[in-house]
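Asks: So you can see what is in the structure, the chains are spelled out below.
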Amino acid sequence: MRENVVIRTVVRLAVPFIQIFALYVIVHGASGAGGGFQGGVVFASSFILMTIAFDLAYTRRRIGSRGTMICSALGIAIYEGVGILCILYAGNYLEYGVIEAALGIPHLHGYLIDLVEAGIGITVMAVMTSIIYDMANRGGRSA
Amino acid sequence: MRKKALLAVLFIGIILFWAVEDMPAFGDPESRAARHTGAMYIERSYADVGIDNIVTAILASYRGFDTFGEVVVIFTAGMSVILLLRREGRL
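Protein chains in written order, with my numbering: chain A, 13 to 155; chain B, -14 to 76.
These aren't lab readings, by the way, just hints derived from the structure by calculation.
Possibly wrong hints are sitting among the right ones.
The following label-pair restraints were derived from C-beta to C-beta distances [as the list claims (entries may be wrong)]:
#, chain 1, residue 1, chain 2, residue 2, range
1, B, A24, A, Y70, 43 to 53 Å
2, A, R78, B, V40, 32 to 42 Å
3, B, V57, A, L115, 23 to 33 Å
4, B, V58, A, R73, 26 to 36 Å
Over 10 Å on every C-beta distance to chain B, these chain A residues come out as not near it, computed from the model [what the hints assert, rightly or not]:
#, residue
5, E15
6, P28
7, R73
8, I111
9, V136
Cβ coordinates follow ideal geometry from the N, Cα and C atoms, glycine included.
Just chain A, with the same shape it has in the complex (with noise of 0.2 Å):
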């Protein structure tokens, strides 16, 4: 397959647009139809169709082993951190509201959901990549 032309070129022009799209829905996610858990899948399948159409090499080089377990550390140490936040202005676990209260911000709610569903949306993106590439890596050297 890598050889075919066809495939190869269509690929190099349809994931840019995946990836935007996936981008879309996750920021979307507080105001129409979408979320971290979409958008991540959505990121993740344009790794996938890089992997299927070229090879594992050319898709490590855009995010390797390494980067999916950080990001995949990441977007929950994102998610804890608000989490933690709302303790810090004296609220209960994940309550949003004490924190749009005391700064005074308004909307700030909204904001903090859309950050939480970017860590959602960077965790299920690299989880999903990480488990393609050792399910892509059977036979080979891995790392």
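Fit chain B to the given chain A structure using the hints.
Replies: Below, chain B alone, put in the same frame as chain A:
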């Protein structure tokens, strides 16, 4: 064996179609699910959370702790796949 499997599939399928009769009509405002918590979320979620999407308001704000657990489940699944498939001869 295949006949038994077909029989089992048909049996379960008939039960499921039988159960569909008891489901509320699509978008029925008088259904059991819409009368209690559903109406409360529709009335209050914008005042409570301040975002338009009720689903995201429930997911990230009312049920924020639950969603955190879901993300941890996905993270654990990814780590498990790494531990099982990326051993490189160890173990």
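Asks: Please go over all the hints and tell whether each is borne out by the structure.
Replies: Quick rundown of the hints versus the structure:
Taking the beta carbon of each, B/A24 and A/Y70 are about 52 Å apart, inside 43 to 53 Å as hinted. Hint check: A/R78 to B/V40, Cβ distance near 35 Å, so the stated range 32 to 42 Å holds. At roughly 28 Å, the beta-carbon separation of B/V57 and A/L115 lies within the given 23 to 33 Å, and the hint holds. Evaluation of the 26 to 36 Å hint for B/V58 and A/R73 yields a pass: the beta carbon distance comes to about 30 Å.
Listed as outside the interface, A/E15 is consistent with that label: its C-beta sits roughly 29 Å from the nearest C-beta of chain B, beyond the 10 Å cut-off. The claim that A/P28 lies off the interface holds: its Cβ sits roughly 25 Å from the closest Cβ of chain B, which is beyond the 10 Å cut-off. The Cβ of A/R73 sits about 19 Å from the closest Cβ of chain B, beyond the 10 Å cut-off, so the non-interface label holds. The claim that A/I111 lies off the interface holds: its Cβ sits roughly 12 Å from the closest Cβ of chain B, which is beyond the 10 Å cut-off.
Not every CB of chain B lies more than 10 Å from the CB of A/V136, the least distance being 6 Å, so the non-interface label is violated.
Hint compliance for this structure: hint 9 alone is broken.
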